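Undergrad: Given only the sequences and the hints, what does the whole structure look like? Please build it.
Protein chains in written order, with numbering that gives the first Met the number 0: chain S, 0 to 806; chain E, 0 to 224.
Among these hints, one or two may not hold up.
Said to hold, decoys possible - Derived lysine to aspartate or glutamate pairs resembling EDC-like cross-links, with alpha carbons at most 20 Å apart:
1. S/6 x E/101
2. S/2 x E/135
3. E/185 x E/123
4. S/412 x E/54
5. S/412 x E/101
Calculated directly from the structure, the hints in this document are not laboratory data. No experiment lies behind these values; they were computed from the predicted model shown.
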Amino acid sequence: MFKNHLKIAFRSLWRNRAFSAINMFGLILGFTVFIFIAEYVAYEWNANRFHQNFNQLSRLSFLYKTGESNYYLPPGLGPTLKSNVPGIKQVVRIGENVGSGVLSINTGASKNVFREERVSFVDGQFLKVFTFPVLQGNGLLNEPQTMALSKTTAIKYFGNVNAVGKVIQVNNQFGNTDYTVTSVYQDMPQNSDIQADVLLSYKTLESAALRNGNDWADPTGLGSEYSYLYILTNENANLSQISAQATNLWHKLKPDSKNDHVGLQPFQNLHIAPGFSYQFQTYGSLLLLIAFLSVAMLIIVIAWVNYINLSTAQALNRAREVGVRKVLGASRGQLTLQYLTETFVLTTISLGVAMLMVLMLQAAYNSFLEKQLSLAVLNAGWFWLGGATLIISGTLLAGGYVSWVLSSFNPLKTIRSKAFLKVGGLSLRRGLVVFQFVTSIIFIIATIVLYEQLQYMQNQDLGMKVEQRLAVTGPSIINSSQRDNSIAFENEVRQLPFVKQLSASNNIPGQGYNFSTAGITKSNANPGDDKKSYAMLIVDDQFFKTYDINIKYGTGFTLPMLAHGWTKTKKVVLNEAAVRQLGYNDNNAIIGQKIKWNNDFEIVGVVKDYHHLGLHEQIKPMIFLPAVADGFFTLKMETANMSTKMEQIRSLYQKNFPGEPFSYSFLDEVYDKQYKTEYQLGKIFIAAAFTAVLIACMGLLGLAMFAARRRIKEIGIRKILGANVFSLVNLISADFLKLVVVALVVASPIAWYIMHRWLEGFAYRITMQWWMFASAGLMALFIAFATVSIQAIKAAVSNPVKSLRSE
Amino acid sequence: MLSLKQISKYYSSGGAKTYVLNRVDLDVDQGEFVSIMGPSGSGKSTLLNIIGMLDQPSEGYQYFLNEPVHQLKDKQRSALYKQNIGFVFQAYHLIDELTVYENIETPLLYQDVKSAERKALVADILDRFNIVGKKDLFPEQLSGGQQQLVGIARALISKPKLILADEPTGNLNSKQGEEIMELFKKLNKEDGVTVIQVTHSEKNAQYGSRIINLLDGKIDSSIIL
Ligand SMILES: Nc1ncnc2c1ncn2[C@@H]1O[C@H](COP(=O)(O)OP(=O)(O)O)[C@@H](O)[C@H]1O
Ligand SMILES: [Mg+2]
Numbered sequence: 000m001f002k003n004h005l006k007i008a009f010r011s012l013w014r015n016r017a018f019s020a021i022n023m024f025g026l027i028l029g030f031t032v033f034i035f036i037a038e039y040v041a042y043e044w045n046a047n048r049f050h051q052n053f054n055q056l057s058r059l060s061f062l063y064k065t066g067e068s069n070y071y072l073p074p075g076l077g078p079t080l081k082s083n084v085p086g087i088k089q090v091v092r093i094g095e096n097v098g099s100g101v102l103s104i105n106t107g108a109s110k111n112v113f114r115e116e117r118v119s120f121v122d123g124q125f126l127k128v129f130t131f132p133v134l135q136g137n138g139l140l141n142e143p144q145t146m147a148l149s150k151t152t153a154i155k156y157f158g159n160v161n162a163v164g165k166v167i168q169v170n171n172q173f174g175n176t177d178y179t180v181t182s183v184y185q186d187m188p189q190n191s192d193i194q195a196d197v198l199l200s201y202k203t204l205e206s207a208a209l210r211n212g213n214d215w216a217d218p219t220g221l222g223s224e225y226s227y228l229y230i231l232t233n234e235n236a237n238l239s240q241i242s243a244q245a246t247n248l249w250h251k252l253k254p255d256s257k258n259d260h261v262g263l264q265p266f267q268n269l270h271i272a273p274g275f276s277y278q279f280q281t282y283g284s285l286l287l288l289i290a291f292l293s294v295a296m297l298i299i300v301i302a303w304v305n306y307i308n309l310s311t312a313q314a315l316n317r318a319r320e321v322g323v324r325k326v327l328g329a330s331r332g333q334l335t336l337q338y339l340t341e342t343f344v345l346t347t348i349s350l351g352v353a354m355l356m357v358l359m360l361q362a363a364y365n366s367f368l369e370k371q372l373s374l375a376v377l378n379a380g381w382f383w384l385g386g387a388t389l390i391i392s393g394t395l396l397a398g399g400y401v402s403w404v405l406s407s408f409n410p411l412k413t414i415r416s417k418a419f420l421k422v423g424g425l426s427l428r429r430g431l432v433v434f435q436f437v438t439s440i441i442f443i444i445a446t447i448v449l450y451e452q453l454q455y456m457q458n459q460d461l462g463m464k465v466e467q468r469l470a471v472t473g474p475s476i477i478n479s480s481q482r483d484n485s486i487a488f489e490n491e492v493r494q495l496p497f498v499k500q501l502s503a504s505n506n507i508p509g510q511g512y513n514f515s516t517a518g519i520t521k522s523n524a525n526p527g528d529d530k531k532s533y534a535m536l537i538v539d540d541q542f543f544k545t546y547d548i549n550i551k552y553g554t555g556f557t558l559p560m561l562a563h564g565w566t567k568t569k570k571v572v573l574n575e576a577a578v579r580q581l582g583y584n585d586n587n588a589i590i591g592q593k594i595k596w597n598n599d600f601e602i603v604g605v606v607k608d609y610h611h612l613g614l615h616e617q618i619k620p621m622i623f624l625p626a627v628a629d630g631f632f633t634l635k636m637e638t639a640n641m642s643t644k645m646e647q648i649r650s651l652y653q654k655n656f657p658g659e660p661f662s663y664s665f666l667d668e669v670y671d672k673q674y675k676t677e678y679q680l681g682k683i684f685i686a687a688a689f690t691a692v693l694i695a696c697m698g699l700l701g702l703a704m705f706a707a708r709r710r711i712k713e714i715g716i717r718k719i720l721g722a723n724v725f726s727l728v729n730l731i732s733a734d735f736l737k738l739v740v741v742a743l744v745v746a747s748p749i750a751w752y753i754m755h756r757w758l759e760g761f762a763y764r765i766t767m768q769w770w771m772f773a774s775a776g777l778m779a780l781f782i783a784f785a786t787v788s789i790q791a792i793k794a795a796v797s798n799p800v801k802s803l804r805s806e
Numbered sequence: 000m001l002s003l004k005q006i007s008k009y010y011s012s013g014g015a016k017t018y019v020l021n022r023v024d025l026d027v028d029q030g031e032f033v034s035i036m037g038p039s040g041s042g043k044s045t046l047l048n049i050i051g052m053l054d055q056p057s058e059g060y061q062y063f064l065n066e067p068v069h070q071l072k073d074k075q076r077s078a079l080y081k082q083n084i085g086f087v088f089q090a091y092h093l094i095d096e097l098t099v100y101e102n103i104e105t106p107l108l109y110q111d112v113k114s115a116e117r118k119a120l121v122a123d124i125l126d127r128f129n130i131v132g133k134k135d136l137f138p139e140q141l142s143g144g145q146q147q148l149v150g151i152a153r154a155l156i157s158k159p160k161l162i163l164a165d166e167p168t169g170n171l172n173s174k175q176g177e178e179i180m181e182l183f184k185k186l187n188k189e190d191g192v193t194v195i196q197v198t199h200s201e202k203n204a205q206y207g208s209r210i211i212n213l214l215d216g217k218i219d220s221s222i223i224l
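TA: Dropping the structure here:
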C-alpha cells in the first residue's frame, strides 16, 4: 500500500508540477534558512562545551556596589585562593594578550620574525585544566621561560609540529626573553572563548629581571588588576559558598575593598547568559541568539503556512479524485495516509535540495559570519534530534491539515459538479496570508530601522575625523635606542610630502584607551568621588590636531611636556565629560587647576567631547597624558596612490625599526569594525525579510491562482457584459491588497516594540519615524500587487467562451 | 435485493422544502436489469445515489440485502456498498494519475486484497474486456468508449452484486453506447449481476427488464418488459 501511495504521490506531484514547484520553492527556502540559522545557534550553544571540565570551571570577577563587574583581577589572588579556600582544585590565571609582540626564530642562516597578537601568560596547568589537546610535549608550563605553541603557529614557524625543545626569542613589553617550547597544542576551536596562539609561562614574570621594569605584572602582586582567574572546583562544589569564602579572603588581603564581592560565573554561562539581566558579562549574546532563533522559527512556519495555503487552494483540483476514491471504497484514513505520503515526498525532496543549497552556499555564509560553520556543527547535543523532530512534526501538522481537508470532501458533491464544491477554510487561508505578511512586514521594518540606525551612526559627527587617517602600529622590540628611533621615524615621515600631520599615541580611537582608573578627584572632593572611573590615553603634542579634535579651553600638550613624560610633567588634558565628572564648572577658569591623583596634576587644556569608541557607549570621562608615545603613529594624509606612498612609509619604518613587522590600518575601517555585529544583523534581517516576503508572495500567488480559477465563470460573464481588463484585475486584486493592509496594521505596533527595545542598546540612536512603517507597507503592497495582478490579468484576458463552456 | 419505502429527499432553501424525491416506494430483485428514465431534474441521480448509499434520504426506510440501511452507521454503510455495489459514471471518473491497470486495481487495494490475488483478478478482467494491450495507458490516452469500458471493469473488479450506472452512455456515440449496453446485458444474463441504470435513451432502456419513469420526484410508471 505504501509503495502504491508513493507512486501516486510522485505522479501527482509531477502532474501538477507548476504547483509542486512553487510549493517546494517555499519549503526549500524555509528549510535552507532554517538550517543555516540552526548551524549558527548550535555553534553558539556549543561554545566552550568541548572542555571536559566544562561543568566544574568558573570565572572569577569582582562585583561592585555600583552593579558593575570587573573580570581583570590581581594575579596574586590566584595562588592564595587555591591554598585557602576548600573546594577549589585548581586556579588558572590568564594574562590575555599581555605577551603580544614579536617572536624571532634563529634558523642559523637567517632570522625569521613574526608579529603575534594572541600571546598570553598562563599558569602551568592551563592546557590540562581546560583540556586543550596536546599534540607534542607534556602540556606543562610550570618552569620559567617555557612556552607552548598552537599547531598552526608551530607549522608557521617550523613547517611541522615538532617544535618541542626549540628556543624562540620573544620581544614584547617585558624585553627580549628566550623561551623553550615544551608543548604544541591543537588549535583552539573557533567557538572557544579562550583563545591564544602562543602561551608563555606565568612563572617567567616572577623574576624581576624578566619583567623589564614592568612590576605591575608581578604574578604575586595584588595591586594591578589585569589577569583572568578561572577555578576548577570539585564535582559538586557549592559555588556560593566558595564565592563567599573568596570574598572574605579578598577583604582580608585588601582592607580597602570591603564593598567588593568576588563573583563566580559558571563556565556554562560564560558564552551565553542563562537569562536576561544576568549579572556577569558573556562572550556571546543571548538576545542575538534568541533573535536568530525567532527568525528561523518564523521563516519555517511561514514556509509551512505556505504549504497549507497552496495545497488547500489546489485541493479543488483534487476534489474529484478524492470523491472517486471514496466511491471506490477508500476510507478516510486511507486517503489521509495517501496525501500525507505526498507531503512526505514533497518535504523530503525539499529538505534534500535545501541540504544541497546549504552545502553550496556554506562558504559564502561562513565568510559573511566569519565563522567556521558546517552541517557538522549540528552534530552535537540535541540539535539533530531537535531539528528533525521540528521538521517532522511541522510536516505532519501542515500535511495532516491538508490531508484532513482533502479527505473530508463529500464524494457525492465532488463527482457531481465543481459548482457545488466549497473548499472550506477560505477565512483560515486569508488568516494565514495575513500572518505571512505580518511577519514579512516586521522583517522589512526591522531592516529599515536597523539600516537607518547604522546610517545615523556613520554620519554622526564624531567630534573628530577618522577619514584619511592611517594608523601604523609602533615597534614592539624594546631596546635602549627605541625612543630615538621613534623620534627619527616621526621626523622622517613628516618630511614625506603627502603627510599632512603625524601623531604618536599609545592607543587610538576605535581601538581603546590605555587604561582606566579611579582615585582621581579635584582638590576639594566630595565623598565617593574617588570611586569614579576615568579612561586614560597617552598621547603626544600632535594628537588633537591630527584627529581634528577641538580644544575648548587652554592648550594641548607642548613638546617640552612630552620630553619628561607624564609621570614627571604632571600635566593633563581633560574632555568635557571628565570636567563634569570631576565637578568643575565648564569655563576657562579650569585651566591651571590641579587634580589629585596621588600627586597633583595640572589641567592645561579641555577638549570637546568626541566619540573615542563607537556610538554604543556614552562618551566616557577621559584624561589625556603627555608622553613620547610609540604605540601607534597616526598619519593624516591624502589616500590617492596609496601603494607607492605605503612603500615609502614602510621603508622608513624598516630602516628605523629593523626586524619589526610593518602593520597598519585605516582608521575609518577600524572604526566601522565596531559596528560589525550591526552590519551582520542587518544582512541577516535583509535575508530574512527577503525570504519571508518571497515565501509570502508564493502563498499569495497560490491564493490568487485559486481565486482566479474559482471566479473564472464570473469573470467570463462580466467580460461578455463588457467589463474591461482593468476593472477585472481590480476585482481580483482588491481582496488581497486588503489582506496586506490588515497585515500592516497588525505588524506595525509589534515591529515598533521590538525595534524600540533594540534601539535602547545604543547610547546614540534614531527615533522611529512613521515613514519607516509606511514604506515597509508600501513595499509589501507593491510586491503583493505585482504577484496577484499577474494572475488576475491572466484570468481577465482569457477567452470567456472557453471558460464558460468548460464549467 | 433492495427495497425503498416511503423514501423522500428534500432540500430546504429559505425555510421552504423543495422535494427532489417524494415518498418513493421501490423494490428491486436479484437479477433484475432496471432502467430509470425521466426528464432532467426529476430526481433520477438522487434516487440512484440513495440506492448506492452515497446519499442519504431525508425520510423513509431503506433495506439492502435485508439490512436496514436507515439504521446503519456511516462505517457500516460504506462497508456494505464497498463489498456489494459497483458504480459507473457518465463522466467515467477515472483517476488521471493512474494507468488503466491501476485504476481497475484501486478498489481491491481499499479492500486489502493480497497482491497475487489482485494481479490475477485484474488480469482476468482485462482479458474479458479485451483491453490487455491498453493496461499501461493513462485515461487521457483512451477514447471515451474505452474509458467507460475501463470504468465498468473497475466497477466489476470487486465482484459486486449490484451495478449502478448513471447515464453510462451519455458521453458516448451510439455505437459505443450499444457496446456498453450489450456488456451490461451479458453481465446481467451470464453473471447474474443486478443492474440499475439511468438513461435518457429510449433504445438503451429497452436492454433492461423493467423501465421506471420518474416525474417530479415520484414514480410515474413502472413497466415490466
Ligand atoms: N445539494 C443540492 N441542493 C439543492 N438542490 C439540489 C442539490 N442536489 C440536487 N439538487 C436538485 O435536485 C433536483 C434533482 O436532481 P437530480 O437527481 O440530479 O436530477 P436528474 O438526475 O434527474 O437530472 C435538481 O433540481 C437539483 O437541482
Ligand atoms: Mg442526473
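Undergrad: Against this structure, judge whether each hint is valid.
TA: Hints, one by one, checked against the model:
1. For the hint pairing residue 6 of chain S with residue 101 of chain E, the CA-to-CA distance comes to about 11 Å; that is within 20 Å, so the pair holds.
2. Proposed proximity of residue 2 of chain S and residue 135 of chain E is supported: the alpha carbons are some 18 Å apart, at most 20 Å.
3. Distance restraint check for residue 185 of chain E and residue 123 of chain E: the Cα-Cα separation of roughly 16 Å lies within the 20 Å cut-off, and the hinted pair is therefore satisfied.
4. The hinted pair formed by residue 412 of chain S and residue 54 of chain E meets the criterion: a straight-line CA distance of about 10 Å does not exceed 20 Å.
5. A C-alpha spacing of about 24 Å is found between residue 412 of chain S and residue 101 of chain E, which places the hinted pair above 20 Å, so the restraint is violated.
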